Structure formats: C-alpha cells, structure tokens
Amino acid sequence: MTKSLTLDVNGASCLVRVDPDMPLALVLRNRLGLTGVKDGCGLGQCGACAVLVDGEPTLTCVRPAADFEGRRIETVEGLGTPEKPGPVQRALIEARAAQCGYCTPGIVVAVTGLLRKDPHPGESAIRAALEPHLCRCGAHPSVLRAVRALARAAPR
Amino acid sequence: MSANPSLAAHPRVEDWITVRPDGCVEVRSGKVEIGQRITTAVALVAARELDVPFDRVVMAPARTGLSPDEGYTSGSNSMEQSGHAVRLAAATARRELVARAARRLGVDASTLETREGLVRSRETNRTLGFGELVEDAPLTLPVDLEAAPRAAAREAPRSPRIEPLRLRGLVTGALRFVHDLQPEGALHARVVRPPHYHAALASLPGDLEAGLEGARLVRDGSFLAVAAEDEHHALRAAARVAAAARWSAARGLDDRPISQQLLGNRRESFPVRECRPREEPVPEPPPDAPRTMRAVYERPYQMHGSLAPSAALARFAGGRLTVWTHSQGIYPLRSAIAETLDLSLESVEVVHAPGAGCYGHNGSDDAALEAALVARAIPDRPVLLKWSREDEHAWEPYGPAMRMELAAHLDDAGDVRFWSHETLSDTHVVRARPGAAGPQAGRFLAPRYVADRVREPARAPNLTVNGGIHRNATPPYAFPETRIVKHLVHDLPLRVSALRTLGAYANVFAAESFLDELAHAAGADPLDYRRRHLKDARTRAVLDAAAERFGWAARAAAGRPVGAGAGAGGDAGAGRGIAVARYKNAKSYCAVAVEARVGDDAAIHLLRAVIAVDAGEIVDPDGLAAQLEGGFVQAASWTLLEAVAWDRDGITSRDWESYPILRFSAVPEIETVLVDRPGEPFLGAGEASCGPAGAAIANAVFDATGVRARRLPLTPESLREAAAES
Ligand code: FES
Ligand code: FES
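Chains A and B supply the protein sequences, listed in that same order.
As numbered in the numbering used here, the first sequence has no gaps in its residue numbers, which increase by one up to the final residue, 588.
As numbered in the numbering used here, the second sequence has no gaps in its residue numbers, which increase by one up to the final residue, 1262.
Isolated chain A, as found in the complex (with noise of 0.2 Å):
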C-alpha cells in the first residue's frame, strides 16, 4: 500500500510514492538522494537526521513523510555547497569545526534555525540550540567557537 506525496524540498516540488508510514529520513536519503540528512539512530535521540521545517530545526528519522506535505523542507544540501557554502557552513570550516563530520549536517540545520530567529544568540540559547545534537568525536568546543563568531558578526 503506497501513497502518493508532494514534498517541497530545497525549493522543489518533488512527487514520491511512498509507504505511508515510511519516516521523512527514508524518504529524503533514499528518494531524493539527500544523504547530508544522516542516519545515526532512527529513534529521535541523536539530531543527526536534522532538517528545517518551515524554518523549525526538526528530527525527520521517526515521523512519517506524510506528516510533512505542505511544510517547507530545508536540508543541509538546501543550505550551501562545497563550491559556494552557506554563512553557518563557512564559519564551521572557519573554526575547522568538525572531525568526522557526522553530526555535522544536523549542527548546520540546528545553528541556522537558531540565528534565523536571532540573530545575536547569547550562550545559553547557543548551547540550548544544540542540545539535541550529539558529537562522539567532541568537536564541541569548535562548533561553540564557530557560532559565537556568526553571533558577533551579525549585523545590529
């Protein structure tokens, strides 16, 4: 049993037929060949598979895509690319703010979110911002330092 979908994704409007309990994740990994949103746990513990929704930093690897028809859907490739990377994306490769880079793509999401909606963060909403997001690698400290700049560095 298959159903159709519309998603706006990065701009487009992409039909899929699809389960309809299949999570966003799945859709956008496998669909639509949107590998920058990870897979890390499938259980809403990690922030790996982050995505915007409209504007919202939000977990795609549990809810079904059809729970996000009409709902504009940023991912991390939406975002920037290696030829012309986005303003969060370059104050990450600035502050060298990552390791392996897996829970990279979901910081990006969750500190684009963030200074969408303020754009002079304080630290707590920094670190409140990324709670969800886990590193094993502890880039921590890189990532603090990268937003920290973005929020100096924004226009008053």
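Bear in mind the hints are in silico, worked out from the structure with no lab data behind them.
Since the model is a prediction, treat every value here as computed from it, not as a measurement.
Even for Gly, the Cβ is constructed at its ideal location relative to N, Cα and C.
It is possible that part of the hints are untrue.
If we take Cβ atoms under 10 Å as the criterion, some of the chain B residues that face chain A in the derived model are [as the list claims (entries may be wrong)]:
hint	residue
1	L717
2	H724
3	S956
Take the given structure of chain A and dock chain B with the ligands to it, following the hints.
Okay, now just chain B with the ligands, sitting in the frame of chain A:
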C-alpha cells in the same frame, strides 16, 4: 632497514608517492581517515617536503592492492609511521627531481632550488616543472632513509592556514559516507540478532519469507539477515523476523558485580619492567612501611559509541568480492574475510570509505564481514548492510572494565619511596592479526553464529611494550622503587576490544588521582608535589605550560588552603585539578588542568579546562588542537557519565537514553597550549589528553568537595557513595 615498519615493508618512493606529468602529486597512505585529519596531515607533509602547493596533493583512498599495507590505523602511530615514511619518500623524490633538472639544464644541482612545484636555476632563472621532469620516466627509486628533510618545510608550517581535506564536503552534506553509498541495484540489509551473546536460534517459522513483502531472508545457523530493495521494507522485514524467531540460551550473562568477577576469576599475572610484561613470577610487595597509603580505582565497561551505526557495502560477482568499509585496517580485514568465506586473498578487495569516528575497534569489521556473507548469499547485487543503533550499543566490543590497585610508601617529608600499581582487566586487543597463530574469524561476530561455527580464540596475554592492560601503568615520575603488575583476568562477561587509549585512560586516572592523594597527605600543592618527583624535562614543560595558562600559581599565592573545598578565586565553590602523562610512555606529553564545581545535587559541572601538549614537531596545529579537545570531551563523558549496563538476559544499554554521553550544555571552555618542538620527531597525539582529563576532573572534584571519588563514572550516586565511605 628502517625501524619504521611501514617503510620497512614499503621501501620505495613509488610505494608512497607518484609525481604525475600534470604536476599533481598522488600520495598513498595505508592509514585511514577517521576524522582525526590524518590525510590532511600526511598531505601537508608531502606538500612541504616536496615543495608543491597543498592543493596539488591528491590523497588516494586506501584500497588493498594499491595502498601500502600499514596494518591498523591505531595507537597514535600514524604520524610516526605514515607521516615519517611520506616525509622521507618526498625528500628523496625532491632530490631526484633536482638531479634530473640539473642533468637536463647541464648545470650543477647546487645551483638549483625548488619553489612551489618548479625547479629553478638561481643563475639563469630557467625553470622546469616537476611534471616535465617525470614525463619520460616516472620516479622509481628506493626511499633514502637518510634524506635530509627540507629546512624550510619546518619553518613554513603556520601560514597559510590550510583548510582540512573533506571539510567542505562534510559541512555541506556532499561527502558520502559508506552509509550513503547506494549504487544501482543495491539492496539494503539488516541483521536480526539474538537477545545476547550466548543465545542460539531455536526455531523460525518455515513460511516466514512469504510474509516479508519480497524481502530476502538469509539464514546460516544462528546468523539471520534480511535484504530488500527498499530500506523501509528491510526494516519492517527485520522486525517481523525478530518477532517470529525463537532463541534458546544454555546460559545468560554473568551479572554479578564486575569488581567481584575481576577479583575472583582465573587470572594470569606478569610483572612489568620498562613498560614490558615479563614472564616471571610477580615479586611480593615489600612489607608495609610506617607510612603506607593504598587506594583502589575502578572503571566500568565503556563503549565507543560511534555516532553512526556500523555499515558496509559488499558486492560478490564472478567469484570476486569487493567490500567498502570504514574499517581501521583494510589489509587485516581482507585476510579475515578471505579466511571466513574461504576465498583467496586475490579475490577479495577491501576499499576504505568514510565512516563516523570509531575511536578504536568498534563494529566496523563485524559489519563488513556480515555484508560479505549476505552479498555471497545474493550474488551480483551490491548489499548495503547497516547496523541499527541497538546493534551498535549492544554488540560492539566495549572498552574493558578495569581495577587499579595503587600503593605507596612515603618518607617523613611525604615523598614517595616505593610505588606499586597493579591493574586487573580483560584483554584490550581482540583485533584480527594476519600472521597470528590460528584462525582469525572467531574474532568477528558473525562466524560465531553461522552453522559452521568458529569459537572466539582464547585470550592470550599481550606482552608488548605498553600493550593494553599495562599501558601507562608505568609512572613518569622518578620514584626510587616501583612495582608494576599486569593481571589478565579470564572469563569476564562482555565482549571487548580496543577503545581509544586502551588501558591508558584508566591507569592514568588511577595513578594521577593517587598522586593527588599523596600530595594532599603530604600537605603539598598537587602541582609542586608533581614537580618534586618529575625529572623528565618535556613532561615538566607541559605541566608548567598548563599550570601557567590556567593561572595555577596565582591562585595558590592567593592563599587558598589546599583541599579546602570552597575557595578563593574563580567560581566560588569551584575546585581545580591537574594531571599529566606521556601517552604510552612514548608518544605525546600532555597535561590537563580543570576547574569544576559540584552542585547540591552532587552533579559535577566542568567550568574550564586547559590542555598543554608536546607532540614533537607540529604539522597541522588546527588538527592537533582538535584531537586534544576531542579527546578531552570524550574522556570527560566517560568520566562523568558512562557505564555499560547488563543483566542475565543481555545488554541493557541499548540506546542514547540508556547510555547517555556528554551533550553541548556540559562542555566546558577549553584552551589548548601547543608546545612546538621543530626538528623533533612527530609524536602521535590522538589519545594523549584522555587519561590526564579523567584524573584532572576527579582531582578538581576532590578540591571542591574533599570527596575522593575512585569509582568511574563520577555520577551523583558514586559521589554520594564515596562521601559516605570516606
Ligand atoms: S537519526 Fe534522527 S535523531 Fe538520531
Ligand atoms: S564530528 Fe564526529 S560525531 Fe561530531
């Protein structure tokens, strides 16, 4: 022959480096990238030594048959092996290029210089590109072990600051991990596992496959896997099979407290001298002196906890198997796969593909072997086999539980006359070793469950210098007399293997906590007490560098009573701790100072940390700092939070809620001080900060509260227990 095993096995320039006619330089390393930026560091070494721009160096992915066989990427050996080999190969190549240019131009080589991929005559200004010099004849010559490193290569390192390889791909999601490889026609596979190690498949309904929506069921003994074109179907099929399978177990996991098992089980004991266990009787400890102190420290089983569950892609076609894997050892893995599947080495190819950080021997090799088994059962289709989060938590080989028994005799001034350190633990190294006696397949999971079952090989004591259990059990201090003993304890309950630092983290945690106890007993400042016993200049230098940046002396001068808890300066109620070690007694020197506060709820809050390191000559300062910070954060997580839990029916740490790790809110401010030693050999640094981090935290907790916590992790419960015991 070189003392560097990588060079001894691959003594020619062309084993490591190809200068291509287009002027680019291809570098092959057998060490793999696992987030530690080794490929960036090796590429930098090649660029500087050859004198070519960094962006013209191409690092070839590690692949059996093409890359040098450098065993495992482990033990902080990569810079000393691969980095050193590439440096000498590049220096040899550069000299050869200059010699060729001299012949071509009919001038003396001494009138030539290199600059950014060109050879230039100082007299005529004529230049020849490196590419032109290899058009007719590629560089093939032995590496000159005496080749002098280019002096400028040492001076140039800091600028321009280079961007690590792959970083752009990581932050934009463009870089594909092995989990993301989905070639045409690929199947998604999952393994259906028994409830625990000792269970075997009792029954499976005969008509099961019919209800799997077209998913394939692969069964071999108690090894069960499903594969489907759609990953979601594969997940659903795995759940159905798991629900239908019946397992039986002759025994469960031994769930008595691990300290009881470490003390009570059969063991083999060895005295350790000059960091090496000896096959001799263990000397009796001398009788207690008038002033004797003793303490016991414990570490639980802890996991690698890679952020990505292990995965591998395999394809079996025409009798040949190719496996893409995030393994740390492509050649040892190839041997083990060939052995298990009864294939010739030549018909198996293992290719390294990016994975998440692994921090030692995690599930990567197991997943590769499982993917190979499924691919053989379904030939001609690529099979992407991924572990679930639960697989990773419950089935990876953990860092072993350890018990450290410390004792010291003190003189009237409170100084150490005699120091004893005994460590009891399971083995730390269960990796497959090509050339080792006996079959290697039993070191992997799947072969223990297939019909033609292979048992896990019996534990053999690791008698190498600074091996697993005894790694860093030898103190860096000039004590008049020491007694170091390693005990390999048998028949312990959980699956184990190498976790970042092996025994070093817990041995340093114990030794540097104990030294702190002795300092307090002597009424001495812990920094001064360490300096009193430390003769080695480089160890002292990192200790002093950390103390200085931390502001240790200033606060001592402020008259803060030692060990008094709530104190002057910094955060009211905060304590401070310091610790130092040289990893493996042979790699980087590292000191860590920590400021921490303990709340009314007995929870520990890390406020600030300073890490000072001496890693010999520094190649990539950013990468080095990242490794040290990362090592600190990981060790802080082990120290504050982590313990694998189990009961008779299996592992109960099955996800990130039942096995939490440190999150952003708990990470302190960290500063790193890099002590550069230009001209000194590279020293591995990836594991250097972990041991000192654990001890510095415990020492800061003592300073803040007067409670000495000796049982890891330092959770509120363990602090309360320690307070009650003291
Ligand atoms: S993969 Fe979605 S939260 Fe972990
Ligand atoms: S960089 Fe490896 S998990 Fe964050």
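Outcome of the hint check:
{"no.": "1", "hint": "L717", "verdict": "holds (9 Å)"}
{"no.": "2", "hint": "H724", "verdict": "holds (8 Å)"}
{"no.": "3", "hint": "S956", "verdict": "violated (33 Å)"}
In terms of the numbered hints stated before, the structure departs from hint 3 and from no other.
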